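Chains A and B are the protein sequences, given in the same order.
Just so you know, the numbering used here puts 1257 at position 471 of the first sequence, and the rest follows in order with no gaps.
Just so you know, the numbering used here puts 168 at position 64 of the second sequence, and the rest follows in order with no gaps.
Since the hints were made in silico from the structure, they are not lab data.
Errors might be hidden in some of the hints.
[Claimed, not checked] Each computed DSSO-like pair below joins lysine-lysine, with the alpha-carbon atoms no more than 27 Å apart:
(1) A/1143 with A/802
(2) B/218 with A/1237
(3) A/887 with A/1077
(4) A/1237 with A/1143
(5) A/1256 with B/133
(6) A/1077 with A/1087
Since this is a predicted model, take the numbers as computed values, not measurements.
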Amino acid sequence: MFDAFIDGLFLVLQWKAFSLMLVGMGLGFCVGLLPGIGGAATLALMIPFIFKMSPAEAFAFLLGMHSVAATTGDITSVLFGVPGEAISAATVVDGYPMAKKGEAGRALGAALMSSLLGALIGAVALALAIPIVRPLVLTFGSPELFMLSVIGISCITSLSGAGARGQIKGFAMGLLGLLVSTIGQERQSGSLRFDMGIMYLWEGLDFVPVLVGIFAIPEIIDLAVRGTSIAGEGPAQNLRSGVMEGIKDTFRHFWLVFRCSVIGVFVGIMPGAGGGVAQWMAYAHSVQSAKDSKDRERFGKGDVRGVLGPGAANNSKEGGELIPTVAFGVPGSGAMAILLSGFLIMGLVPGPDMLTKHLSITFSMVWTLAIANIITVLLCLTVLDQLAKITNVRGGWIIPFVLLLVFVGSYTANGQIADLIVTLIFGMISYFMVLFGWPRPPFVLGFVLGKVIETYLFISMSRYGFTWLKHPIVVLLIVLMVVVIVYPYIQQRRDRAAGSANA
Amino acid sequence: MRKGRVLFCIFLIAVATYAIRSALGWSFKTKLFPLSVSIPLLVLATIQLLQLIFGKGETDEGAGLDLDFSSDVPAEVARRRVINTFSWIIAFIVSVYLIGFPLTVPLFIFFYLKFQSEVSWLYTIAATAITWGFFYTLFQWLVHIQFESGAIQTWLGW
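So that you can see chain A by itself, here it is in the shape it has in the complex (with noise of 0.2 Å):
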């Protein structure tokens, strides 16, 4: 296990891996500062480009990558009033009145150096996690792993709306995904399914062309509809006054930020949770933490613990949603659905392989997550001033040098123009999807899980018939994803009865 903890640094720090992480950071760095553009989308923007690495340059490069943006995405949230990513929303409430209070590089020093001990707190809870976690992957055959993936999915449909209509649309969106992962030939009898005479679809559909689709174009459309600079008309300040301050602030609310980044892991762990809900989580956990009603109303106001807490939680969930997708392969958000799309293009299968003959592996995830992260925070608050330009960038100087990223990289999949019209036909299934208010992200998980959970359910048929429904952690499996499904409705009648208590 130590030695191979010690591998997994030395895959990082080889110089070809190392060069990659630099690139993938370099990436992030601009991904995360761009409103318009959101890490997942980066991520699926990158997945052509890892073809020729091997798997620990391809995660160095995705994950210097992903966790970068996760960071960076705080600044806009902070100078703007803009997320510089969806997982950076909760900043904007605390960050963004800092901002106008003359507070700004306290309020960024606070975020960066947070983002930077949330960041370390995941990578350590993902390596103590793996002894943990291998003896319980390897008790699970193919009709527990068939049972994860399937809560994976309900887990991410559950939180994509409020109320049973929102989950109705979830869970449509998830099975619509699924279906759309049955194109091609069958595996296991070779017939074809939905080819519509069409030779393109014998392979069935590229993850990069859908993925690509689905997440950039309805950004870029955002982009273009609004017509602005990106970031909009942010005043000009001097930053670095305040940067230390921020920084010391981390330390004066050390528990804070510790507990919050707990928060982080633990709902990165949860297959389907994400950065949107840890933030928010980590959000309300700060404003709890208040010590009476008094110090509450600071909140929302320009107060540093509000910007501490989601910014520890949103970069300590990256290390908790690698877990179940290293461990199960199932990933805990669309940017890990896309990486795990990453591990089937390396030819690795995650799972028990990756806790025991790809350990080394998994460690180098580890060690990317902290090395990454110390590097880039390290860079922020150098330059602060300059980072700020970026974002004033007119929307419509920056669309044609995205679109052109992104049909090189829906291009690279299979070289031909069939892959371009698959991403225009996705994209515009994800724009009407975004525009009435159906959720992406279960469509991307059933789309990225289909084969698999097809797979295990094969496997689980051929092998025990119908009887592994009533294997015991088959039935725990189901329960819990019966509570998953059924939660968001008692909360919902709970909230309504304490409403009309109330009134």
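Given the coordinates of chain A, work out where chain B should sit on it, guided by the hints.
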């Protein structure tokens, strides 16, 4: 917006119906999974459609864990810009089909920056040259990606 929501539900129902009809003729192994997902999809999309038609009506809120489109721009302007952007995307794909990727890249960047973003000549030419240079160096010279020839080059026998 309501009409659009109804149409999207009908689209989902049509997809699920097509999947069920196609799968019914396959062997058990082949149809098991597609049927297990398309039947509940049909049921859920139908419930959603019925709720839209006969229910209390839906708010314009987006999906909980997803992007929300900007609502600051007037609907008519937003619609025009959406159609405009999709037109550029379609033009890009048609251009790749006709003249191939390597030629489309500089032309697209040039025309978009000059005529859509209305950027100065100097910036347009500089950005086009840098992008073309970057594209050629990275994808053709370093990575050796084989781009298909355009239909026009094929027709001319180039």
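For each hint, the structure was consulted:
1. Between residue 1143 of chain A and residue 802 of chain A the alpha-carbon distance is near 22 Å, which keeps this suggested pair within the 27 Å criterion.
2. For the proposed pair residue 218 of chain B and residue 1237 of chain A, the alpha carbon gap of about 45 Å is over 27 Å, so the pair is violated.
3. Restraint check for residue 887 of chain A and residue 1077 of chain A: the C-alpha separation of about 23 Å stays at or below 27 Å, so the hint holds.
4. For the given pair, residue 1237 of chain A sits about 23 Å from residue 1143 of chain A by alpha-carbon distance, which is consistent with the 27 Å threshold.
5. Our distance criterion of 27 Å between C-alpha atoms is met by residue 1256 of chain A and residue 133 of chain B, whose separation comes to about 22 Å.
6. Taken as a hint, the residue 1077 of chain A and residue 1087 of chain A pair is honoured in the structure, with Cα atoms around 16 Å apart against an allowance of 27 Å.
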